[in-house]
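Participant: If you want the building blocks of each chain, they are given just below.
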Amino acid sequence: MSNVLVVAELDQDGNLRKSTLSAITLARKAEGALGGGFDVLVLGANTAAAAQELTTFGAGRVLVCEDASLAHYVAEHFAPTVAEVGKGYKLVVATATTFGKDLMPRVAARLDAAYAGDCADVAAEGGKLVYKRPMFAGNAYGYCELSTAIQVATARQSEFAAAEPSGSTSPIEKVAKAAPSGAAARVEYVSLDAVTSERPQLTEANVVVAGGRALKEKFFEVIEPLADALGAAIGASRAAVDAGYAPGDYQVGQTGKIVAPSLYIAIGISGAIQHIAGMKGSKVIVAINKDPEAPIFQLADYGLVADLFTAVPELVSALRARG
Amino acid sequence: MKILVAVKRVADPDNANRIKVSSGGDAIDASGLEWKINPFDEYALEAALRLTENGASPKKREGEVVVVTMAPKEAETTLRSALATGADRAIRVEAGDDDLDGRVVAHALRKLVEEEKPDVVLMGKQTVDGDSNQVGQMLAELLDWPMATFAATLRQEQDGSLLVGREVDGGVLSLRVRPPCLVTVDLRIVSPEGVYSSLTDPSFKYNEGVRFAPLPAIMQAKRKPLTVRPLSELTDVALTTKYTKFELPAKRSAGVKVKDVAELVQKLTEEARVL
Ligand SMILES: Cc1cc2nc3c(=O)[nH]c(=O)nc-3n(C[C@H](O)[C@H](O)[C@H](O)COP(=O)(O)OP(=O)(O)OC[C@H]3O[C@@H](n4cnc5c(N)ncnc54)[C@H](O)[C@@H]3O)c2cc1C
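Heads up: the protein sequence lines correspond to chains A and B, in order. Position 197 (the first sequence) corresponds to 197 in the numbering used here; numbering is contiguous. Position 6 (the second sequence) corresponds to 1006 in the numbering used here; numbering is contiguous.
Only chain A is shown next, with the shape it has when bound in the complex (with noise of 0.2 angstroms):
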């Protein structure tokens, strides 16, 4: 018998999120306080791929639920299925992706559960579990119990590593659709407003090129070469997205995507609290500001004082010029 349920996340053709790996890292650790393992719970309207892709995580089962009114993500639709069959264990996981975000809390409250959500750490003590949470702007961590039957968390995608295969094949089910709640009926899904790249997902690439306010305009005019000569994913603070520069997809930050890449490039970013709390946690940090005083110079592990519109040419040249 599984303890932990992990609830995946599909895109809207179906395919896997890669978010959901670092849900089964967070089941992983958990097993070792609860026992028993873990499943999976898939839920969508062409979820065949997926669940395949799941069966080799060394999930006990992969539980399916597919029906029509699941073909696009809409919280209320899902809780009720996620609550049901989550009923039967003691912690039910997703990443806090904008997904696990809007649906967990909710499915908390359908089982009245304790909601542990953003976690960078889980951790069993005693035979309990102990969640180690960024709270304040990850200018602290706090490590909390949940004392409900059933207990609901989800894992920071930068602190959980994505799982890796396990070798073995979990069997994949079929689980029902529960009936809707009344809430469903009013609600409706209109339209998904998709920012398409061929770029590395900001949350998964190995570099990433953010650019500030300062870019104005000419923000992707500096920043796209950057990104291309480095395989690069591209972040923004939120003044450039405010100002419309960039989509809010890419603003990185407290209160948009945490990434920890290996290489953060900063450029014309100041370094406000809320703008470092979602990149802090990168390997080596790059600032290019004009601005000797930029607070972002404080962590940066390279800094340079120049003109932006000056050194990102440049810097595209020498790397360009090493092939």
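These are calculated hints, taken from the structure and not from any lab test. Some hints could be false.
[Unchecked claim] List of simulated lysine to aspartate or glutamate pairs, EDC-like, C-alpha gap at most 16 angstroms:
no.	chain 1	residue 1	chain 2	residue 2
1	A	Lys132	B	Asp1026
2	B	Lys1205	A	Asp242
3	A	Lys290	B	Asp1026
Please arrange chain B with the ligand on chain A, whose structure you already have, making use of the hints.
Facilitator: Just chain B with the ligand now, kept in the frame of chain A:
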């Protein structure tokens, strides 16, 4: 339309790097930091005001905006400034931080919503102290209401439905929710084209950000109704989240300044080995 806005005060988020942990490691010490309204809640209030007015004549409120907080008496300052900004009425639920966790707050709000019967509950997507991002979703489920979290745009349609643009990983997802419903707001909701009530002309543009209370309104706010409720009247749910320990993260120290692009490339290649 009647809107209930839930707000919380937090230790000044722009100085969050100055918080400390008590010597025993069992509490956060935010002494020396000013209390501020949680920025996302401030945005929720702005969204509520925009939804209950014609943007071109914001002095006239079409409907009612009620603000609620759960906190000790000092937090009435936060409520008074919300009243000065335009809210009509305030409720303070008498409670200390140690009496509350996300689940308790959601249950207490549920009872208040059942009493107040708002058409819409608006709140910030998260408080920037606990960074939990849970109460709105829990409350929506307890009420069996539809929700739209992380809202960057809100359009009130002629039939009263709300068309909500949610900022999600990968783009903007639009949902249509029919009141009674709950919306949690994200940063961009206070952009010039963030919120349109059905009265506001689609070509109208707000100023960027939240509005500020004019001086006379600050005086008048003292006379607006503020009621106090004991937490025990609203819920008897027990605390189920217990923080046992806090710690500060390892500090990153400043590295070196390089003199030019050539030195940067050399360092990244030979020293950091990331290229
Ligand atoms: C509730 C809340 C949540 C927030 N969440 C986030 C978040 O998730 N992510 C986030 O990023 N911010 C967030 N913020 C905003 C944050 O506080 C800052 O306002 C924002 O990060 C500033 O962005 P910036 O560094 O691009 O702009 P600025 O602070 O204006 O900095 C611009 C920098 O560019 C430099 N510069 C200008 N011209 C040049 C040039 N020609 N060459 C080189 N350098 C140049 C300047 O010296 C300056 O340092 C949040 C704020 C609030 C209130």
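Participant: State for each hint whether it applies.
Facilitator: Hint check:
Distance hint between Lys132 of chain A and Asp1026 of chain B is fulfilled; the C-alpha atoms sit about 14 angstroms from each other, no more than 16 angstroms. Restraint check for Lys1205 of chain B and Asp242 of chain A: the C-alpha separation of about 15 angstroms stays at or below 16 angstroms, so the hint holds. Distance hint between Lys290 of chain A and Asp1026 of chain B is unfulfilled; the C-alpha atoms sit about 41 angstroms from each other, more than 16 angstroms.
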